[in-house]
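*Asks:* Sequence:
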Amino acid sequence: MTEGTVFQTILDSIAPVSHRQVWGIMGDAINPLADALRTDDRFEWMHVRHEEVAAFAAGAQAKLTGQLGICAGTVGPGAIHLLNGLYDAKMDHAPVLAITGQVPRSEIGSDYHQEVNVGRLFDDVCVYNQTVMSSCQMPRLGVLAAQSALAHPGVAHLSIPSDVGPDKIKEAGVHKVFVTDSEVVPAKKHLEEIADAINSSPSVTLMVGWGARGATKEVLAMAEKLQAPVVHSLKGKAVLDQDNPFWAGGLGLLGTTGGVEAVSHCDTLVLLGTDYPYRQFLPKHAKIIQIDIAAERIGRRCDLSIGAVGHIRPTLEALLPMVDTKTDSTLLLKVQKKKASYEKKMAKKGDVQGRKAPIRPQAVARAICRHATDSAIFIADTGEPPVWMARHIHMKGTRDFLMSFNHASMANAMPQALGAQALDKSRQVIALCGDGGFSMLMGDFITAVTYDLPIKCIVFNNSKLGLVKMEMESMGYADWGIDLKNPNFADCGIAMGGKGIRIENPADLDAGIKEALAMDGPVVVDVVTDSNELTMPPEIMPARAWGFAISKIKELVVSSSV
0 MTEGTVFQTI LDSIAPVSHR QVWGIMGDAI NPLADALRTD DRFEWMHVRH
50 EEVAAFAAGA QAKLTGQLGI CAGTVGPGAI HLLNGLYDAK MDHAPVLAIT
100 GQVPRSEIGS DYHQEVNVGR LFDDVCVYNQ TVMSSCQMPR LGVLAAQSAL
150 AHPGVAHLSI PSDVGPDKIK EAGVHKVFVT DSEVVPAKKH LEEIADAINS
200 SPSVTLMVGW GARGATKEVL AMAEKLQAPV VHSLKGKAVL DQDNPFWAGG
250 LGLLGTTGGV EAVSHCDTLV LLGTDYPYRQ FLPKHAKIIQ IDIAAERIGR
300 RCDLSIGAVG HIRPTLEALL PMVDTKTDST LLLKVQKKKA SYEKKMAKKG
350 DVQGRKAPIR PQAVARAICR HATDSAIFIA DTGEPPVWMA RHIHMKGTRD
400 FLMSFNHASM ANAMPQALGA QALDKSRQVI ALCGDGGFSM LMGDFITAVT
450 YDLPIKCIVF NNSKLGLVKM EMESMGYADW GIDLKNPNFA DCGIAMGGKG
500 IRIENPADLD AGIKEALAMD GPVVVDVVTD SNELTMPPEI MPARAWGFAI
550 SKIKELVVSS SV
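Counting along the sequence shown from 1, when you hit position 378 you're at 377 in numbering that gives the first Met the number 0, and nothing is skipped either side.
No lab work stands behind these hints, which were simulated from the structure alone.
Note that this is a predicted model, so its numbers are computed, not measured.
C-beta: ideal position from N, C-alpha, C; glycine also.
Take these hints with a grain of salt, some might be off.
[As the list claims (entries may be wrong)] In silico DSS-like pairs for lysine-lysine, Cα to Cα no more than 30 Å straight-line: (1) Lys286 / Lys347; (2) Lys395 / Lys513; (3) Lys325 / Lys395; (4) Lys355 / Lys283; (5) Lys216 / Lys424; (6) Lys333 / Lys348; (7) Lys336 / Lys347; (8) Lys336 / Lys187; (9) Lys216 / Lys333; (10) Lys498 / Lys424; (11) Lys188 / Lys343; (12) Lys484 / Lys355; (13) Lys169 / Lys188; (14) Lys175 / Lys187; (15) Lys333 / Lys424; (16) Lys498 / Lys355; (17) Lys355 / Lys286; (18) Lys224 / Lys167; (19) Lys344 / Lys355; (20) Lys348 / Lys484; (21) Lys187 / Lys224; (22) Lys395 / Lys348; (23) Lys224 / Lys325; (24) Lys169 / Lys187; (25) Lys424 / Lys344; (26) Lys484 / Lys395; (27) Lys336 / Lys224; (28) Lys355 / Lys216; (29) Lys333 / Lys343; (30) Lys424 / Lys336; (31) Lys347 / Lys283; (32) Lys333 / Lys347.
[Unchecked claim] Okay, the calculated beta carbon distance ranges per label pair: (33) Ser374 / Pro201: 19 to 29 Å; (34) Pro76 / Lys167: 21 to 31 Å; (35) Ala33 / Thr64: 24 to 34 Å.
Build the full structure now, drawing on both the sequences and the hints.
*Replies:* In structure tokens, the structure reads:
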């Protein structure tokens, strides 16, 4: 390129490392971006109805591929609206570039119309955050922003004043964004230390997280050699097929009895690519070994016996020849027994035979699991949907799973589904939406219709903030202030130009889900579910049971006084 505007140089720099889609809403300060995108067939403008959706969609693309997601918003309110979705990208370590407008340079600091100090505002969410004050800073700042987001996976932000964006840059050239594909393996002495600890332990449990994605083969080889059950964090659910004999289940409030057994009764727990934050569920008696690519995460959740920095796949490849083959499968057999018993219990919960309305949410998740394709991507809203997702939907080794893992924002499922679906329109993408979350950003279902993104939004319509209800009751509070007066979500989907199905009767559930997933185009499935179905942990503590009892007494008193 011999000459181009500031925005054109940004696009030239990021094109080799970013996704095709740019998500956002145009406005006066970034109108030159619209002109740059209009004439650049390397990119596709995705006009959303709320900037928060743009950030979530870009983040989903970054999470699934590791490539740079892109979102944009204009000056002031447009930039502010991006923030919640950008915090999700930050906390899930997803590389995203946010481009925002700013008031003219001469007006900065004068309390100008729509002026916001976006530099200060974005400082906490970003790994790189700059305002482009002169065209001579380009394309260098664009390259630095993209490279920072990719090198330290997170959010980069460029704020462009409205009088800078149209400026022409002569003989700009294209500065390259460098992305390395190097793999890190711990030093030999650390590998030997880990191997010695494993070899001296009668029983070992492996726990996988997001960092173990792409290492399924190596995880299974290690599990088989050690006769070790494999537990997963919620982010690690897609690493292993639920039907695999070494799969033990999850840990924590969304876990399984098999997962609890595997962690509670092992002599050594090996954390593989997981920064599992809930230390109360980690063993106090066992040795804990942690392997992670990010040195700052080593040992920050619990006391470790050994910590090592490395990518999981090559590290396990290096460790495999160094560990002894174990023949004692006592712990594994106990876990398998617990797992089988728990699965029977879950199947019973999801059985609709002879049941009356409302529909149990477990049954909805199991119907989705039965009829989804083997390559489907599932995205769960914050609240109860992740519970049903974690316990009832099998990954099969070929499916994938997203949510707002660490930020845990409501309303993330449908927006992230948009981003995932735009990557591949032929791949099935299913959003498991809470009624509260879906209604927050429901307007952007229109975006799915506009761009023919065939997402399937399954709304768990229980007319309450269900997880908040459980939290209230477990703490001894009355169920109060969390009711939702909902519309017919299926009708809303139809009104926005998509398709809609409403399911109220358990007998209609299986056929309804099957029909919806087979439909062309975007679909909203409104399933009326039971608000009294509890999202209980695999093991109930006495304090939690007492809290529920106190809560029910309070609810009875409140209802009798009305």
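*Asks:* Are there hints from earlier that the structure breaks, and if so, what are their numbers?
*Replies:* 1, 4, 8, 11, 13, 14, 15, 17, 18, 24, 25, 26, 28, 30, 31 and 33
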